[in-house]
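K.L.:
FYI, UniProt numbering numbers position 288 of the sequence shown as 288, with every residue one higher than the one before it.
Hints should not be assumed to be uniformly reliable.
DEER-style ranges, computed between Cβ atoms [what the hints assert, rightly or not]:
| id | residue 1 | residue 2 | range |
| --- | --- | --- | --- |
| 1 | Glu50 | Ala411 | 41 to 51 Å |
| 2 | Leu402 | Arg364 | 44 to 54 Å |
| 3 | Gly291 | Lys270 | 16 to 26 Å |
| 4 | Leu359 | Ala429 | 19 to 29 Å |
| 5 | His64 | Asp278 | 45 to 55 Å |
Hints in this document: simulated from the structure, not taken from any laboratory. Where a beta carbon is used, it is the ideal one built from N, C-alpha and C, also for glycine.
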Amino acid sequence: MDQLFDASEGERAARPQAPGSVPRDQAPLAARLRPARLEDVVGQRHLLDEGMALRIAIERGRPHSMLLHGPPGTGKTTLARIVAASADATFEELSAVEAGRAEVRGVLERASHRLAGHGGRTVLFLDEIHRFNKAQQDVLLPAVEEGLVVLIGATTENPYFEVNAALLSRTQVYELHELSADDLEVLLRRAVDQGATGGHAVEDAALSFLADRSHGDARTALQALELAAATAPEGAPITLEAAEDALQRRALRYDRAGDLHYDTISAWIKATRGSDPDASLYYLAVMLEGGEDPRFIARRMVILASEDIGNADPTALTVAVAAAHAVDHVGMPEAAYALSQAAIHLSLAPKSKEAYHALNRARRDVRERGALAPPPHLRPGARSASADGEGYDDPHAHPGHLSPQQLMPDALVGERFYRPDGQEAEFAARLELIRAARERD
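With the hints as extra help, turn the sequences into a complete structure.
P.N.:
This is the structure we're talking about:
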């Protein structure tokens, strides 16, 4: 694989070592087995099958700036390296966790010298690009727009929320999916065939277990296999029990980019939804002590406030948004108290999923029937209602601010998307009064 990324001696001298680079024989198994050719990549067929746009661009050696987002261990770094190799471009790698504007400018200066010297192209791979704030991301804009570098940003977060609009408009966004258990088993067997287990045979049950329990993360599966091999008695095969132990040992350490990250936030969501403030606080503490990005936690709180509580307690969304605001404007460690306050409030708030269900009902109707035209009197420019009832009837002209005028498209008159449940008694009573008043008029 190294040979695919070789450059001239002068180029190698100018090229910085990737963050955390170590000699190949000391690198983790996932790094040593990283595919260097497109045909060796496992998974992501929706992007890399024959005839797909990204595959064609890679095969033709025509790289373009892109954002790769998806769960950990799905091949973002691998794909970035293959893009650079296919274009015979210099691969510069930075981590947004450690790098700042100075490091980015250093890459851009080298790219400029490279381009001016012999026309060489540069691929800048920026891992965890969502960690850069707007000002840091803005530094990249001129270089991307002018073609000085091909930017490949990688993130586990939704780029439409985490990357500024100007940079988004200059890149193509590709979503990478979790690898299937079958994909992971292919990778694990490839590792065994290439001697990664140091001569230890591996039971089929052990391979299947690692493939099934690694949550689509190739790095998790390969690191667990490596640990199982390192701790197996000399000459003994790697058994199912050894694989179980290896995967469990790895999970004892909280990894913001690993499977425990997803397990813990899932547990927090379920504990909070289940109205257990103690469990909610515990999982919140696990995430904070593990160094989880507090913005990630705050976003999940905002989502839960609407999805699982909704109008059963409208203040829950206000509390969650305020906690997110505190994270942005107060910062850690003090913002942790706002997260704690929000977790307790969300846990003890009455629960309702009706806001979630109501929107899904409406969206399902739109998908099935299409977007129906609103009544003419609701469209822009409609005149005020006349004595014959035509035109827009302003509800503020009526007692109780209610007009009997039809507001739904004709085909949807009488449709009920919102069906308040028992926890939304105030809204249910208000809705009943509104409907009764309209029917009387």
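K.L.:
Which numbered hints turn out to be false for this structure?
P.N.:
2
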